[in-house]
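Residue numbers (the numbering used here), protein chains in the order written: chain A, 261 to 419; chain B, 261 to 419; chain C, 986 to 1391; chain D, 986 to 1391.
Be aware that a few hints might be false.
Claimed, not checked - Heads up, simulated DSBU-like pairs for lysine-lysine below, C-alpha to C-alpha not over 30 Å straight-line:
id: 1; chain 1: C; residue 1: K1033; chain 2: C; residue 2: K1096
id: 2; chain 1: C; residue 1: K1006; chain 2: D; residue 2: K1033
id: 3; chain 1: D; residue 1: K1033; chain 2: B; residue 2: K388
id: 4; chain 1: C; residue 1: K1384; chain 2: A; residue 2: K380
These are computed hints drawn from the structure, not numbers from a lab.
This one's a predicted model, so the numbers in the text were calculated from it and none came from an experiment.
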Amino acid sequence: MNDYQHSDSFDNLFELYQEVIIDHSQHPHHFGALPQATHHAEGVNPLCGDTLTLYLKIENAVIRDAAFQGHGCAISTASASLLTDSIIGKSIDEAKRLFEAFHQLITSEKETAADNMLGKLIILAGVKNYPARVKCATLAWHTLQAALRQDAQPVTTEA
Amino acid sequence: MNDYQHSDSFDNLFELYQEVIIDHSQHPHHFGALPQATHHAEGVNPLCGDTLTLYLKIENAVIRDAAFQGHGCAISTASASLLTDSIIGKSIDEAKRLFEAFHQLITSEKETAADNMLGKLIILAGVKNYPARVKCATLAWHTLQAALRQDAQPVTTEA
Amino acid sequence: MLDAKAIKKDFPALNQQVHGKDLVYLDSAASAQKPQAVIDAIVEVYRKDYSNVHRGVHTLSERATRHFEAARETISRFIGAQDSREIIFVRGTTEAINLVAHSYGRHCIKKDDEIIISEMEHHSNIIPWQLLCEQTGAILRIIPVTNSGDLDETAFKKLCSSRTKLLAITHVSNAIGTINPIKALIAEAHRHNIPVLIDGAQGIMHQRVDVQDLDCDFYAFSGHKLYGPTGIGVLYGKTKWLEAMPPYQGGGEMINQVSFEKTTYANIPHKFEAGTPDIASVAGLSAACNYIQQVGFEAIHQHENALLHYATEALMTVPELRIIGNPTERAPLLSFTVEHIHAHDLGTILDHAGVAIRTGHHCAMPLMKRYGLAATARASLAIYNTQHDIDVLVEGLHKARGIFKR
Amino acid sequence: MLDAKAIKKDFPALNQQVHGKDLVYLDSAASAQKPQAVIDAIVEVYRKDYSNVHRGVHTLSERATRHFEAARETISRFIGAQDSREIIFVRGTTEAINLVAHSYGRHCIKKDDEIIISEMEHHSNIIPWQLLCEQTGAILRIIPVTNSGDLDETAFKKLCSSRTKLLAITHVSNAIGTINPIKALIAEAHRHNIPVLIDGAQGIMHQRVDVQDLDCDFYAFSGHKLYGPTGIGVLYGKTKWLEAMPPYQGGGEMINQVSFEKTTYANIPHKFEAGTPDIASVAGLSAACNYIQQVGFEAIHQHENALLHYATEALMTVPELRIIGNPTERAPLLSFTVEHIHAHDLGTILDHAGVAIRTGHHCAMPLMKRYGLAATARASLAIYNTQHDIDVLVEGLHKARGIFKR
Ligand SMILES: Cc1ncc(COP(=O)(O)O)c(C=O)c1O
Ligand SMILES: Cc1ncc(COP(=O)(O)O)c(C=O)c1O
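Just chain A, with the same shape it has in the complex (with noise of 0.2 Å):
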């Protein structure tokens, strides 16, 4: 029980509900199709139920664009709006190694030196106090990966 003494107040919340995360699950950026997209994948976290589906536009290895749709909690849109944000113009290479810093980030308890590279993804590090919201944050990094692989089937949030 010893991992939840560090969440015993009510204030903690505010560490997981920031405002720039309210701002973005209210006001995602890059929401809505991308007639132009080159890739995309649908995600499901079964949990919940809540769905979303990623658009790239990918030119020489580049992701030019990318949004989103659907529909989730503020976790999980607020990761979405901050997903698109980050890959947008960054390399196929530099979006996978994000991705794998970003799980690092939300689900380990040491802090690594990719961190750095996170920029303002680094805003969604409370989430690792909440095991039971990990999957709400990373259901928009897994639907990315489905994406870069072109997967055909849903991706889904299960371990």
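Given the structure of chain A, go ahead and fit chains B, C and D with the ligands onto it with the hints provided.
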């Protein structure tokens, strides 16, 4: 657990395994087939796999002869042996009443008036202290009922 | 009237803090907490009378078997069955329904036959029938749900026909609380000679169920929602069906004689209970039935209804909160949404107030779709809940709105 | 060497009297007694961390889910699985085998295909295949057993062919104790591309099982024989099979998305775990694995083997007693008959000496038939048994002969 107290001593066993019972089990009466049988049925005790075939020769609603074959423990063999002894010469109705009285004897705590009609069968009374063995003592009797009903399917001692 | 505060003391798990707050458990529809009496019954089995059942002549085995079958009697009386052989022990509601789909299905359902379910079913009362239809070519017919959250009874009547081979319907909707008029539905189905399976997962704990009075053909429920242990549930079935149905799982305890040439099966209920059963949980379920009967269904009904009324009024004071459905009769559970706040976020925030609610699709995706929702928050009430629990919930909801309205 | 007397103290049920005599429990092959650590683990769940799993965001649900999945990891390591997703929770060995028969069977077995089992199987590893053959038109092939109680390996090799779609075989015979050379059998089967299911009900508790080393495709076992709770067991399956197999039971937790048009299923292991699982028993099983690992399989093996040796010698001193079978390798259990005394009568008489043994056909009727027996007496040994237990058994057998030789 109260019902176990009265059989707390090893010697109580002799109430179950009386000499007459051991005798009947080792030298059963009317053991074998009955070629002139008019009725027969098979009984099975699924708990232990014991089986028993009972043959009856019935004329004018009177059991003229009876015999049994099969394989069982001391209690079930003695019970079958005593059953054949008891029913030969009895009318079908009398045999049915005997079944009722016998069933009472080994399943209920109180003695009843019907105990009088049981004759030698009374020596199986000790079985009632051994719930797991009641089925051994009743196998022959359930098979008798099946034979009277002329069942084609084997009867079991299951509840 | 029932003394919920006193009852709460019987449930050790309720006397704890979460995030530094007293736990307010409003998730009993997912699984109820257990009174000490149930825990004690399980411990008693393992500490004293433990052995496998139905197989031995030694004292422990005999005691274990006797307790096991006595539990069957207790549970049989609890639901008013005619005969304890009509009580089949299974893992839970889900397995009970799968057993019927598999065994009754194989016995009675073929291509182009129809099975009626409703739009408000739990996935456990949808997927077994979808799988059966896939395998047999039978057709699944769906009773629609009205805006208020009731079954569309006119539509139901139209669906009934001579092709219909089963009606499988929930007693109470776990997602929005609708209590279906099952007695009337059963009567209507029987007029067409349609047997009826009732998914009682959410019905069994709020009111006295009398399967003979209902005249249902099957009634399925889970122990863990009835203040009993996990791993155990019951399929009640009328003798005539159970005797006609082929076995479900094959194995020990369900046989009469086995040979490679020909195997014959045991009588009911054992025919459907292959393998070693959950002996300890059966004892626990029996203890749960006794506990509930001691509290009394009349008191339970009165208490839960009063609390539901209080909760409904209280929730309606929260701005932008919408209660889903307004059915004719409702079990003590409320599903709701709060504008601009996703149910998951509500769940997390309430958790920090010590309040445990369920959020998501409640394993009822088709019903969610019908209401155009992906997820709701659900507060479900049980015998141990109090008005204070509701007050803490409402306070937490205001807090959540505060966080999202900065 | 293991201190059985100290271990016995960990098992509350063993510290009791039966018919005024200290209990001597020699029926662990039917079901083992439980150490206090297992009972405590169950109580802990219900008193503290109880909630339904996999469905909620609140603290109790999250803790329950975390413990549940941690238990899967523990059990996965216990049997050396590559990935904990290969661990499917079921009620017991019987359900595990039925799951494979139903799901792998539906996926891979059709008319005229062959399934190989042996003459020494428990009914739980016979009937599911008989039912499958009935439904599909596949053919059941039987490996005969030699007089000594070993599998006839020459006959086995002849049975393997390209028509064979599965070998389902027991690790250890529950009726006579034979330890089958499963690693060699698996290798031989794999040479013919035949997947292999091992019924591990009697194998898992006596030696370290490493499913990767064995290279079996499926391994099934029950918690209750492994000093764990009732109601829980495990089907281990290689990922490649589990992923290819269709679902077994339909319901909550095993889905991805549900609609009346199209339902998609969850990934393994959840695809095979419909409905609320036996949450408390999973915790208990995990505690049992930890307990056993603390005792250590090496110590267990040494202790049980020494005791088996002692028991064999001791039983042979009883006149007219015949031990059934003389297999190459034997698990610590002995099946025997005593001339002129039926096993049932032995069972009752021994019970009065405080000794619990099993009597009957041990759910292995075909093997009984092979030996021309209707029933045997079986004494099975576990970590808590001592030489003194054997002495009491032998004394009781002499008593029984006395009663029957008056
Ligand atoms: C209406 C309904 N049916 C079926 C189920 C399935 O019950 P279980 O998960 O105990 O099998 C549930 C509970 O989740 C339910 O609420
Ligand atoms: C060899 C064997 N297989 C299968 C089983 C069935 O196990 P369960 O009854 O726990 O399902 C048993 C135990 O009875 C057994 O000994």
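Problem - Ascending list of hint numbers which this structure does not respect - result: The structure breaks hints 1, 3; every other hint is satisfied.
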